[in-house]
Amino acid sequence: MPGTTTIRVSRTTCDSLNELADRRGESVAATVNRAVELLEQEAIGIKLSTPLREDELE
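Each residue of the sequence shown is one higher than the one before, counting from 1 in my numbering.
Calculated directly from the structure, the hints in this document are not laboratory data. Some hints here could point you the wrong way.
Straight-line alpha carbon distances no greater than 25 Å define the calculated SDA-like cross-link-like pairs of lysine to any residue that follow [as the list claims (entries may be wrong)]: (1) LYS47 with LEU57; (2) LYS47 with VAL36; (3) LYS47 with ASN33; (4) LYS47 with VAL28; (5) LYS47 with VAL32; (6) LYS47 with GLU58; (7) LYS47 with GLU37; (8) LYS47 with GLU26.
Full structure from sequences and hints, please.
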């Protein structure tokens with residue numbers, strides 16, 4: 001896996017990631033990648049649900 005690094009997470013989070021990866025039948029890295037994608041989508045959804053400002057309506 002090119003360009004990898006190590007991140008520090010709590011033991012509880014590490015255990016949760018391992019369990020999720022096992023249930024999904026994928027690596028922990030793939031599980032973390034999917035989690036990041038979902039968080040990015042959530043942020044986009046929140047931004048899109050915010051009412052437009054007056055200057056954006058034109």
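### Task
Output the numbers, in ascending order, of every earlier hint that fails for this structure.
Hints 4, 8 are the ones this structure does not satisfy, whereas the remaining hints hold.
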